[in-house]
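Number of protein chains: 2
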Amino acid sequence: MLTGRSSFRSTWQWDFLVSDLKRFSRAYYTASVGGEPSPELVDSICSEYRTMGISIVISIGGGSVIDTGKAVSAMLSKDGPVEDYLEGVGTKAHNGEKVPFIAVPTTSGTGSEATKNAVISIIGEKGYKKSLRHDNFIPDIALIDPELTLSCPSDITAACGMDAFTQLLESYVSTKSSLITDALAYSGLERIKNSLLSSFENGMEDVKARTDMAYASYISGITLANAGLGVVHGFASSIGARFEIPHGVVCGTLLGISTRVSIEEMRKKAPAAIGLLKYADIGRLFNRETGKNRDYYCDALIEFIEELTEKLKLPSLGKYGLDESKYKAIVEATEVKNNPVDLEKYDLERILKERA
Amino acid sequence: MLTGRSSFRSTWQWDFLVSDLKRFSRAYYTASVGGEPSPELVDSICSEYRTMGISIVISIGGGSVIDTGKAVSAMLSKDGPVEDYLEGVGTKAHNGEKVPFIAVPTTSGTGSEATKNAVISIIGEKGYKKSLRHDNFIPDIALIDPELTLSCPSDITAACGMDAFTQLLESYVSTKSSLITDALAYSGLERIKNSLLSSFENGMEDVKARTDMAYASYISGITLANAGLGVVHGFASSIGARFEIPHGVVCGTLLGISTRVSIEEMRKKAPAAIGLLKYADIGRLFNRETGKNRDYYCDALIEFIEELTEKLKLPSLGKYGLDESKYKAIVEATEVKNNPVDLEKYDLERILKERA
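Quick mapping for you: the protein sequence lines, in order, are chains A and B. For the first sequence, this note's numbering gives the first residue as 1, with consecutive numbering after it. For the second sequence, this note's numbering gives the first residue as 1001, with consecutive numbering after it.
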């Protein structure tokens, strides 16, 4: 059982779980995960437990804990290091054999409980964020109980919620989106509208808001896996590989300005682009006015996200030591992924400056 | 290429298609389908074309034409009659081998363009409506062009639209529904709200309404295949096997009263049932009032459907010769499927009487 550094293990649910395991004479081991998973962490957990006959891996925690468990469940039966199997790093293809894996999210954000990849990072000059991926790595059980997120601190609630929001919006406007992912993403965005702010402001008590956000997170995992993501997640990789900034903070702090720049560029380069209509769909969803035109709703969307970013008190990048001297390297390493419009290096730099 | 009796072949699109086929020297054969497919129809088309080296089957038409094509594409490579492979009729399991199949719907209703089954019927005292089913039978291409539905007559538009509505609502409240089918069904029901009536009243011109209904139909095929259906489709089988009533008419004419009876029975038997909350979700979607309670929205849903049934001028069952002497046999043969509440024979009879 993997958990975060302390949070879940100080709850009554943990006591309950452990006493039940004892009652039924189930042997268990615990390991804790601090921060996003590194290859070393996955390898060290695997070497410790590889010969112990582990029959099931359970992650109870945020995206990092779930990704660590997902990778451990995939690597317990292999001999070499996890780097051998990482996309763009190693050369081996994983055959999908794994120990059964249960994901129990205690934050609402990454949607990792629904996806087939674990993101593994090395942070620094030569850092990377890369995926261990196989269809079989979708958790065998995703046990999503919104009550487990009630005690999630408000800053983490905000960052994770903005991650889910970003994943839903980016997959909705993605060049790889489909009717199916659109309907799913839209249903998640409705929950974001109703509940992201209240889960931040009143998260200790508001089970309805927590439930909506748990749904939004889970669905965002499905839509990102099937429709892809955009430039904000391009930044999440290039920045996240170099700086210790929580993934949700990178996404949340950059979503407003990235949406603004994408909309502005489409207006210039492709004013009839379907991407503008899709941004307008979501602007309309978030707006009280009816019967306005596409431009109105695109602007309303930008305004909504920028106001939300303020209210959620999302920190700027500068707070984590990301200054202008790093922009060039980051911009070079940033992919726009399936963003509805291609962006120039100039645009990418402009996005970073805006949230300096 | 299978079409309906005449409609599509009198359009400029047909001329265009045929002239293109000639230009590229593609040999083609045509067959027409009148009414819902019988085993004889499928078998006779297959025996005529089995030795012709057919490389692709294309259905351009309504649900009956698509189901016929789906069955023909599955039976061209088999020797025996289609009845051998029908669920609950034959004893053979189809291995899924088929000729590639393209579905081009010209009505918005059954969702057959998205499903893996073809419904084959014999109508009469010993009639049946049964499925030929295999995962491979999902059309290889569903070419959904709402402009092809512009010329669909208003009575057929109404009946087909109510079929899609029924499929969406029944799968939304189904005991087999999931988060995913809920989100998809809800997105289809939003289109029903905005566009079913206008596709009926102004269908020759309203491309937006036709597009919404084409979406609703397609999505309803996905949700019915994954979440199942309810008592209205139970009646569609038991009545459809005995009387020549278009499938959409049976669904459309029974949806209002079936919803009323299901809601009433749940209020009596299981007032905390999730089914009531789900009916209320849709009542809220169709209603202007905000902040009302569950009961209010359940009543609003019933009222909405009953008013819509009036406006769409859906005929009653009596018009097709279904009188009280037939009720007993029909009730005996009716399954409630995945209806959110079980219904007694008394309730089923009450539903029939209401639309006598």
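Since the hints were made in silico from the structure, they are not lab data. Errors might be hidden in some of the hints.
[As the list claims (entries may be wrong)] Think about it this way: if two alpha-carbon atoms lie no more than 27 Å apart in a straight line, the pair counts; the simulated DSS-like pairs of lysine-lysine are:
(1) B:1311 - A:193
(2) A:292 - B:1193
(3) B:1078 - A:193
(4) B:1278 - A:208
(5) A:208 - B:1176
(6) A:278 - B:1208
(7) A:176 - B:1208
(8) A:116 - B:1176
(9) B:1176 - A:292
(10) A:193 - B:1193
(11) A:129 - A:313
Exercise for review: Could you check the structure against the hints above and give me the numbers of any it violates, in ascending order?
Suggested key: Violated hints (numbers, rising): 1, 3 and 9; every other hint is consistent with the structure.
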